[in-house]
Amino acid sequence: MPELVPSPPEVAAVGPPPGAPDHDPAFSPQIDDPILEIDRLSLWYGEKKALKEISLKIPPKKITAFIGPSGCGKSTLLRCVNRLNDLVDGVRTEGDIRFEGESIYDPNLDINRLRKRIGMVFQKSNPFPKSIYENVAYGARIQGIKKKADLDEIVERSLHRAALWDEVKDRLDESALGMSGGQQQRLCIARAIAVEPEVILLDEPCSALDPIATARIEELMQDLKDQYTQVIVTHNMQQASRVSDYTAFLYLGELIEYGDTGRLFINPTKKQTEDYITGRFG
Amino acid sequence: MLGDSFTALCGGALALNLLLVFGILALLAWNGGRYFWQRDLVELTMKDGRKILGEVWEEEKRPTEGPRAGVDRLRLKTGNRDLAGLDFAWIDRKDIARIATPPKALLVERLEYGNFYGSIREIHAGGQVAASGPDASWRAFSPLHEAKLAERKTVEKLEKGDIGDINAAIEALRLDQKRLDLATLAPAEKARRAEALGRELAEREVEYQKLADRLSAMRAALDRDTVVLEAADGATKEIPLSGIVGAIRPNAMSGVAKSVLYLQRIWSFVSDDPRESNTEGGIFPSIFGTVMMVFLMSFAVVPLGVLAALYLREYAKQGPLVRMVRIAVNNLAGVPSIVFGVFGLGFFVYLIGGSIDRIFYPESLPTPTFGTGGILWAALTLALLTVPVVIVAAEEGLAAVPRIVREGSLALGATKFETLWRVVLPAAAPGILTGMILAMARAAGEVAPLMIVGMVKLAPALPVDGHAPFAHFERKFMHLGFHIYDVGFQSPNIEATTPLVFATALLLIIVVTIMNLAAIGLRNHLRKKYAGSAV
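Chain order of the listed sequences is A and B. Sequential numbering of the first sequence, starting at 1, is according to our numbering. Sequential numbering of the second sequence, starting at 1, is according to our numbering.
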């Protein structure tokens, strides 16, 4: 457990180096051994600047939440971490993201290996049009695992880990598209876990789910904390306060405030944060 | 108000379309199906005392001007082409004194000259009269005829089996000799090999001669026993028993017996080889050729179209160039099919086929092997013709796979290729199969381009047989579409073959429908497998 000392408001723990253009330093927690370090990241969709010099550190084996109103750039930021934004036409980035100290924009980096180490769960559940078994085994097959016994073990372990095994163990060969929405989303988590990533990115994973299914996903996230670093994007502030250890508030492409979840929700230092979490806008 | 009448207009248009489609199907089914039903034989006694036996095919008012205009007349199938020169006769009703349906009237279906209508007078077997008189001969006919049919089967088996094998072997040896002539070898070695080949060839020819002698002996035995048939006007004709396909007394047959006969005739129509320049017998080679050609075409067109669609949709940078390619592809579908035929002839047959012949079959030249029209070139020509359909359908199928599913795969560390291969293509498979179904339907009905790239009126052999390499893609083939044209418009006996046109057209539709249903079944299976899939 990293030592967590909320910084006094007047001192920015993470901020631009001296001489950087005028940057509004967010109030950020002291994180000494970040697994991910976003460093002055800016992103343009064509002419539109969607992310503005965002810097923040994400601690290992914690849950970090990105909150903010629609269009604030939280999903875009998340998709930068596994470089999924590269696929979108007209995207340009500046700045850097370091994963375990190494830049993910390094031209020598194997992007597919990066994505194996940083898994992702999407806003809308997106199981492949295959059987439940094949969905979970997909990543393993991509990595070249062919032996049935190995695959069986990976599938069973991942489904257990995603708390789905008991529900689906008798119908592994059925299409994944026949499952309920909540089950599909947990299947997507199982599928992500199956490739044994270090980080799991969750992009509004519960936005299409009912409260019970949402509760199960949140419970699952807590269970997975011992092994994985999780970053969740949510527009649901209750969810952020329930599940996350750290929360970053983004607004119009800027990081307004970043801090320990308990502190940020009870005692926000920024006016905009306070307005947002008290429901005055958003 | 206006909306209501528009709805009615749309509904009316649909109803009209359906009416036309079902109308054409009903017309084909009625006219084609009626042909196989055995009608009663009628014996007409004319006012001048002549007797005519035959089947009434139709009745109409005489259309010509003149004294007899408007008189009812019958079109009678009288058969006996060898005696009368024609199969059909028009009879004015007012010339008929009496119409009877004699129960003993006999119909003999023959291998040559079509049907014979009349009665049996005598049967000659083993050099003597085995039976005499219509009743005794009729009783004696069946057992003798069945024995002859069995004998004929053995003869055919010998012809196609052993003799066919030896012929193939001799042909192969001849080609070996020619190949040896062309080869560059030391003279001594060449002479040694030539001698070995010559020896083997001589052996084979001795074998062939033995079989050929046996065959001609069997043929002679086959033709030895004869039947003497007598027509209604008293003329007689002696024909070998082995030349008879079957004989019946239709007027004495029960409804059940006629129904059985009906089914048998339909079966032999779809399973037999044609006779008498396609005007009689079955159309099996045409069905086989059509189906095989369409399958070959599918094997060529699906990979070609899908790969092109993958490039266009997934890899190419979308821009004016790709848009132009798309427009060009769509326009390709509108090019007249005969143009594809000419292209196929120039490119596939002459250029590629000619090159293959020069490189791989120099020993057969100047007789072309692949350098002439054949089922492979026909299939490839049609594949070019139908590839736009597959490209368009495959592109739509690919476009319908949601981006989020692709991202799901990429986010697991799959490469773009792995994503396409393992997720996108399977999800797009139903759409691709839709394209294949459309292509098959188009190809099965296409005739014009095939006429110059390998389709023939009568193919001596099927493209698949028992001689290695079993599938002979260079062979010419028969096709149902061309068969309709040939039988209906190029036949020497149009009156007799008109019903065959209907039956063949119906069969073509049925074959296309069956192939489409098979493909649709496959598509539904895939859809079910990927239940709720994108396409």
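Simulated from the structure, these hints should not be mistaken for laboratory data. Fair warning: there could be bad hints in the mix.
[As the list claims (entries may be wrong)] Here chain B is said to cover these stretches of chain A; the calculated rule only asks that three of the stretch's residues, wherever they fall, bring their Cβ under 8 Å from a Cβ of chain B:
#1 79-88
#2 136-147
#3 207-219
#4 226-236
[Stated by the list, open to error] Cross-link-like lysine-lysine pairs, in silico, DSS-like; alpha carbons within 30 Å at most:
#5 B:LYS529 to A:LYS147
#6 B:LYS528 to A:LYS124
#7 A:LYS124 to B:LYS258
#8 A:LYS169 to B:LYS47
#9 A:LYS147 to B:LYS528
#10 A:LYS146 to B:LYS61
#11 B:LYS529 to A:LYS148
Even glycine gets a Cβ: it sits at the ideal position worked out from N, Cα and C.
Hints versus structure:
no.	hint	result
1	79-88	holds (count 3)
2	136-147	holds (count 5)
3	207-219	violated (count 0)
4	226-236	violated (count 0)
5	B:LYS529 to A:LYS147	holds (23 Å)
6	B:LYS528 to A:LYS124	holds (22 Å)
7	A:LYS124 to B:LYS258	violated (66 Å)
8	A:LYS169 to B:LYS47	violated (90 Å)
9	A:LYS147 to B:LYS528	holds (27 Å)
10	A:LYS146 to B:LYS61	violated (80 Å)
11	B:LYS529 to A:LYS148	holds (21 Å)
Against the hints set out earlier in the document, violations occur for numbers 3, 4, 7, 8, 10.
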